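2 protein chains.
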Amino acid sequence: MSKPPSLDDYRVPYFSEKKAEKFSLDALDPAAKPFSAGTKDGDRDRLSEIGNKLDVQQERLHAQRHQRVLLVLQGMDTSGKDGTIRGVFHEVDPLGLRIVPFRAPTPAEAARDFLWRVHLQVPGAGELTIFNRSHYEDVLVPRVMGHIDPAECERRYRQIRDFERLLAESGTSIIKCMLHISKDEQRSRIQARIDDPSKHWKFDVSDLEARKLWDAYQAAYRDALAATSTEYAPWYVIPANSKSHRNVMVGELLLRLMESLKLEYPPAKAELKGLKIE
Amino acid sequence: MSKPPSLDDYRVPYFSEKKAEKFSLDALDPAAKPFSAGTKDGDRDRLSEIGNKLDVQQERLHAQRHQRVLLVLQGMDTSGKDGTIRGVFHEVDPLGLRIVPFRAPTPAEAARDFLWRVHLQVPGAGELTIFNRSHYEDVLVPRVMGHIDPAECERRYRQIRDFERLLAESGTSIIKCMLHISKDEQRSRIQARIDDPSKHWKFDVSDLEARKLWDAYQAAYRDALAATSTEYAPWYVIPANSKSHRNVMVGELLLRLMESLKLEYPPAKAELKGLKIE
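Order-wise, the sequence lines are chains A and B. The opening residue of the first sequence carries number 1 in the UniProt record's numbering; numbering runs sequentially from there. The opening residue of the second sequence carries number 1 in the UniProt record's numbering; numbering runs sequentially from there.
Misleading hints may appear alongside valid ones.
One copy or any two copies: either way a pair holds, since identical chains are not told apart in the list.
Capping the alpha-carbon separation at 20 Å, the derived lysine to any residue pairs in SDA-like fashion look like this [as the list claims (entries may be wrong)]: (1) 53 x 86; (2) 19 x 153; (3) 53 x 91; (4) 53 x 90; (5) 262 x 213.
If you're looking for bench data, these hints aren't it; they were derived computationally from the structure. Here the structure is a predicted model, which means the values were calculated and not measured.
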């Protein structure tokens, strides 16, 4: 008998300056469903349960107004970042969520260091914030496009580690998920968008350029994940060919993180005890 | 037979420089349920239907990336602003919503005109944004507290009209809802929070100061609504003693607004027609 899968099996080994632990994206099957209940209905029920529990955790986080939680979502086009947000957070009070999409930098953003616009958006006390893409775009795209050299890329990895450590030391719990799909799965998802004219708005012919550079992007992801998975901001690789598995796994990871914070409602206020309102 | 209620019966008459149409908050019963299905279950079903339709509208708004929608929620403490957001937007994709809470101004905010921080948060193209409290706090609180004189208050009403017209002329559809509860309903809601220690975090003894000034706040609301309800940014008074009625009515108003925009998915892209992905 093999032992049951553990979420930690999908955590990218922590970066170490001394030796790089071997890490390969290829070794992780995007079609695997280790945390699936086995059926779509089962996954839906589990996801609903996770959503309700996340809702409870989020309310406590908000009530306490002390800790902060940041979920970073990354992945190739069509890997399901939007779908994860929709699927996992369907049951969570929209009041308690802040979703920050990062697109191509504006001139004002490009005129500053690449972490400037990210720092502006970090969660405040009591906030659960989701980055839909993130500062990782700036070690993926320019590397693949050859706009930064390897030394600059290494420098950015370090800057990211330092930045995320600052956030962690200031009370932010961070979890980072890479939605891992196969090249063939991406083909069929892009094709589906093309075949449905009402989905054309989600898609641009120029998006196909990144697909042509699939292998280079996979290598860039592997290196970025290996260089920035840390105890205070770990990366997890989410097998994401199956949408329901992807949602359950991201939900489980976030729920585990939030439950580990032991969030409680603030203590009752003595001055309110027995007070009668006129 | 009386005619069935119309949402427009609850719209505050548009401001006119020439003559002020008589408007009284007292004439509107906070306990009324004109748009309720009659039972809680009926309201829940209706709300779910509205939520699903809003989700469709919001996706089109997002796909089109052209128009913008702003919902402003105002009301006394415990009037249900948070609950409305939770209740109405439960079915709406969290990706498509941005909720902006306005609290007491920070020093940086207070150092600028009162619309500065509001302008920073207006919806962008394709966004549905909800203001949880708003610039209206700045014509309610300082007026009641005597920090601004009547001339300054009138000036701010005009500045608000001008500001909202700018937004409207730039493609933003605005709807403003005042959640109208009775003083007695507020008493019982505050009492419930006091009697449940796990709810104490929602409440501060200083909140009772505003309750003592109930009549002054009602008068301030009446004047502010009368002075700033315009064709491009109308105010609606929502009878809100019943939470399910409140949610249905706010949902209906927003849905009607969004449906009036005739939002459609952008046209299919000719260059994608028949394209086969490798």
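Which numbered hints turn out to be false for this structure?
5
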